[in-house]
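*Asks:* All chains should be built: construct the whole structure from the sequences, respecting the hints.
Chain by chain, the residues:
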Amino acid sequence: MAQAFFTGFFGLAAIWFGVVVFRTSSMVRSALALLFSQAAIGAMFLAMQTEFLGVLQIMMMATEMAIMAIFMVMYMMDPGGLGGMDMTHQKRLSIAAGIFGGAAAVAVSLLGGWGTVGPSTMPEAQVAALGEELLGRSMLVFETAGITILTAMIAATAVAIERRR
Amino acid sequence: MATLLVALVAGAVLFGIGLYGALSQTNLVMIMMGVELMLGAAMVNLVAFWRFLHPAAYSGQMFVLIVMTVMALEMAVGFGVGTARFRSRGSVEMEEAEDLKG
Numbered sequence: 182m183a184q185a186f187f188t189g190f191f192g193l194a195a196i197w198f199g200v201v202v203f204r205t206s207s208m209v210r211s212a213l214a215l216l217f218s219q220a221a222i223g224a225m226f227l228a229m230q231t232e233f234l235g236v237l238q239i240m241m242m243a244t245e246m247a248i249m250a251i252f253m254v255m256y257m258m259d260p261g262g263l264g265g266m267d268m269t270h271q272k273r274l275s276i277a278a279g280i281f282g283g284a285a286a287v288a289v290s291l292l293g294g295w296g297t298v299g300p301s302t303m304p305e306a307q308v309a310a311l312g313e314e315l316l317g318r319s320m321l322v323f324e325t326a327g328i329t330i331l332t333a334m335i336a337a338t339a340v341a342i343e344r345r346r
Numbered sequence: 002m003a004t005l006l007v008a009l010v011a012g013a014v015l016f017g018i019g020l021y022g023a024l025s026q027t028n029l030v031m032i033m034m035g036v037e038l039m040l041g042a043a044m045v046n047l048v049a050f051w052r053f054l055h056p057a058a059y060s061g062q063m064f065v066l067i068v069m070t071v072m073a074l075e076m077a078v079g080f081g082v083g084t085a086r087f088r089s090r091g092s093v094e095m096e097e098a099e100d101l102k103g
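Protein sequence lines correspond, in order, to chains U and C. Quick note, the first sequence lines up with residues 182 to 346 if you use the working numbering. Quick note, the second sequence lines up with residues 2 to 103 if you use the working numbering.
Just so you know, the hints here were simulated from the structure itself, not pulled from any lab data. Ideal placement from N, C-alpha and C gives every residue a C-beta, glycine not left out. Be a bit skeptical, because a hint or two may be false.
Stated by the list, open to error - If you only want the chain C side, here are some residues facing chain U, beta carbon under 8 Å, derived:
#1 LEU38
#2 VAL48
#3 VAL65
*Replies:* So, in structure tokens, the structure goes:
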């Protein structure tokens with residue numbers, strides 16, 4: 182029962198901060214709200230006894246959203262949102278798509294037959310088993326993800342760098 | 002079972018919010034924020050499915066790591082494109098980016 186409560190509590194926090202991301206006109210507040218939303222998702226992982234991924238999520242998102250806030254300040258004329266500029270378009274379509282997509286996913290969640298819930302595993306056993314999975318059966322996938330990140334870093338730098346004339 | 006449903010519903014609502022954001026925003030970084038929320042929702046569902054339905058199959062956690070990788074890639078490539086666009090046009094407003102159409 183406590184697990185359901187904390188998962189729900191952090192889920193509500195993630196949803197609330199997710200809404201705030203698109204409700205505020207300050208870019209910095211948007212980035213911070215997304216950081217809190219993603220951190221709440223990490224806390225949901227912790228509540229669901231997925232310790233390694235929960236900590237990883239909070240650490241990664243803290244860094245990612247800090248970088249995002251810096252880029253927002255760099256790109257925007259008015260990062261504090263003092264001018265109250267509207268930066269949205271096709272609002273009705275977006276609201277309809279969001280409600281329809283969310284409602285369809287909620288319906289599938291509630292109406293799907295999910296079977297029986299399996300037993301929990303201890304956190305230290307989880308980390309050991311995940312390590313064996315990463316360096317055993319899923320090693321190729323793991324290595325491919327690493328190479329893909331490296332490729333994307335080089336490609337992003339090459340795209341962003343100023344061309345010499 | 003209650004926790005599984007709570008997590009799935011929270012993930013579904015987050016997905017809807019992310020979808021609204023990705024479709025309604027005109028700024029490149031705000032669009033990326035919508036996509037990040039959708040990927041976050043996918044991760045919540047993956048963790049819930051792994052923890053409550055298949056706790057012995059650790060490939061479920063592998064999927065979450067892959068989604069985290071995709072989030073990092075999206076950020077890197079998105080900011081690379083954003084910086085190139087900002088250099089050439091002085092803005093990352095996507096309403097002014099019709100010249101990117103093929």
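*Asks:* Are the hints correct? Go through all of them and say.
*Replies:* Against the structure, the hints:
1. LEU38: 5 Å, holds
2. VAL48: Since chain U brings a Cβ to about 5 Å from VAL48 of chain C, closer than 8 Å, the hint holds.
3. VAL65: 5 Å, holds
Hint compliance for this structure: every hint is met.
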